[in-house]
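Enquirer: Fit chain B with the ligands to the known structure of chain A by using the hints.
Protein sequence lines correspond, in order, to chains A and B.
Per the numbering used here, the very first residue in the first sequence carries number 1; after that it's consecutive.
Per the numbering used here, the very first residue in the second sequence carries number 1; after that it's consecutive.
Be aware that one or more of the hints could be misleading.
As the list claims (entries may be wrong) - EDC-like, lysine to aspartate or glutamate: derived pairs with alpha carbons at most 20 Å apart: (1) Lys137/A / Glu54/B; (2) Lys73/B / Glu208/A; (3) Lys101/B / Glu208/A.
Treat the hints as calculated values from the structure; they're not laboratory data.
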Amino acid sequence: MSTTTDAANKVSSAKQANVVAHFIRWFFYRARGDSPFKTILIHATLIVACIIAVYPVLRVVTISLRPNDTLLTTDLRIIPENATLDNYKEVLFGNPERNRKSDFFLWLWNSLSIVSITSVLSVILAAISAYAFSRFKFPGRSAGLIFLLTTQMIPAGMLLLPLFIMIAKLKMINTPLGLLIAYAVTAVPLTIWTLKGYYDTIPVDLEEAAMIDGANRFTVFTNIILPLSTPALAIAFLFSFMGGWSEYLVARVILQKNEAFTWPLGIFTYAQQFTVSWGQFSAASVMIAIPVMILFLYSSKWLISGLTLGSVKG
Amino acid sequence: MASVTYKNVYKRFGDVIAVNNLDIEVDDKEFLVLVGPSGCGKTTALRCLAGLEEISDGEILIGDRVVNDVAPKDRDIAMVFQSYALYPHLSVYDNMAFGLKLRKVPKEDIKRRVNEAADILGIRDLLDRKPRQLSGGQRQRVAVGRAIVREPKVFLFDEPLSNLDAKLRVAMRAEISKLHQRLQTTFIYVTHDQIEAMTMATRIAVINKGILQQLDTPQNLYDRPNNIFVAGFIGSPAMNFFPGKLRKDGGKLVVDTGDFSVTIPDKHAKVYESHAGKDIIFGIRPENIHDADFIPPNIEAEKVAVKVDVTELMGNEIFLYLISGKNTFVSRVDPRSKLRVGQQAQVAFDMDSVHIFDAETEEAIR
Ligand SMILES: Nc1ncnc2c1ncn2[C@@H]1O[C@H](COP(=O)(O)OP(=O)(O)OP(=O)(O)O)[C@@H](O)[C@H]1O
Ligand SMILES: [Mg+2]
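Bound-form chain A, shown alone:
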């Protein structure tokens, strides 16, 4: 009996040694050309940075799994003792016992629809105006471009009051349309710059060839420029989407009714005057992060190629 376990132990420790040797070989293969000390230092730094970046997120997951609303504890485990999904259930479906119904899906829907429409709208608007900025010479062209850039330098907080007044005058407080307009006007300028920069790298020859082939300005735009700009359009869409998805300040000012809330406003209803449902707060946060993460992972290929576009084209 004991001999077999011994044998098994030996085998497994041999395997471990094998794995370790393999890892070391791999490590030095990766590090070829650099001194091992430097490589180790770089990796150590990266690992520490990863932990710092990931730890708070994991803490949120931990809190969301705790049975009661204990925010502070000395427990460092990621999966806490008596882990439970009750918080998730309550966020999703409400709690009939405490007579609370869930608005989670409503907020999610509000956010999703407002932010998607904003992003689509601002990409369309920017795609068209960026084309004009890139290809036509007109009075006020460079002044316009600089003006668009300077709008980006005004902090969002400063815009709050004027935005509120304008939206109020338009009688759009508490309407998704109001928020939509507020988001679009803040997203469009940067998107124009991104797209103009990309259009500038597309040779004019292509458009001229198309115009001789039978295209007019509009068909050149739709048949040549847009298809060639998909990476830039994708990245522009993504930036506007991510900008709006977690936006709180502007939404707070424009939306005041629970039914109109986007999720960042919504989850703050868990924080009431005297009690804060940290568990539910965290559970909601985790569930909201997921769609964005999926979108991000799915589009990361484009994102990376989009970010280096300028340099590739030369």
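Expert: Relative to chain A, chain B with the ligands alone:
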């Protein structure tokens, strides 16, 4: 199929006059080559015809129609760009079909025309590829194919061969000539390469600084250049020029360059007589300067003493770089020539093939 007419066309970019009073009539089915040094306005002239540049003054006609205000797509022309300008996101087939699709040509017709063009150019196997998967030569063919399928009235080419290597360039030159024969359409072709111009054109327009210098058949341009610019531009190696004076010497007309003088045969003297005593520029092509030991029969030869500076053996001929006083010049002599570097020798000028230009106006004296 249509004629093309430039009527006093000007194109200005601010202070730069890129095209200066251009007056050209291109006949139907002609292969006209616009040639000139870099920056002389060839491309601009072509782009004006394509409608990609608005002309500052004058008129351009395609057939009988003034096209000044006609959009490029309605001019019924096709253009092959120097960069080829293939649509990177479309397959070769779709690149060629692009114009036809926009013009709502029925699918069946598009297919037939694209396949036909692909057969002519030998790119049938490439139809599914994207432009980035093609070699330079293949891209060039696709660009030509895209023009062919359109069946336009006029084909425009802007230096289509300049991105190809030397060998391919020669092959494509012949192919484009064949294509012209086959399509029986007006071709207007821009190049800075005078050999391309000479080998392909039915007529050549030589342009310098935006101004048309001469419009003629390749042979006439070579034999009877209007001015020093054309004489120097057409032909390789270029014509030799010697500044000098024309003087009367005992009833004979003599060109005196200061270092040597040559007598003009009586049968040619009449045209130049009026310039006797004036400053002129004397021009002679390298192949009209012979080794004195190998003078072809039946020419009026004038001997000149020279020193051989450099020899270049080409196999079927020899280039000699010669010095006579302050003048250096090139001759293209019989391969049997025994002249070697450093030698003092005699060469013979073929006086039936000399060109004399007014030193002041630089125009040929006729
Ligand atoms: N868009 C423009 N704006 C200003 N000047 C221009 C423009 N296009 C051309 N030019 C000028 O017009 C002149 C003629 O240019 P063009 O491109 O027609 O020359 P080219 O004969 O085609 O030369 P190359 O053989 O180098 O192509 C040049 O002096 C050029 O600088
Ligand atoms: Mg050019």
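Enquirer: Need the status of pair lysine 101/B, glutamate 208/A: alpha-carbon distance at most 20 Å?
Expert: Distance of about 17 Å is within 20 Å: holds.
Enquirer: For lysine 137/A and glutamate 54/B, compute the direct alpha-carbon distance and say whether it is at most 20 Å.
Expert: holds, 15 Å
Enquirer: Hey, lysine 73/B versus glutamate 208/A, does the alpha-carbon distance stay inside 20 Å?
Expert: holds, 10 Å
When each numbered hint is compared with the structure, no violation occurs for any of them.
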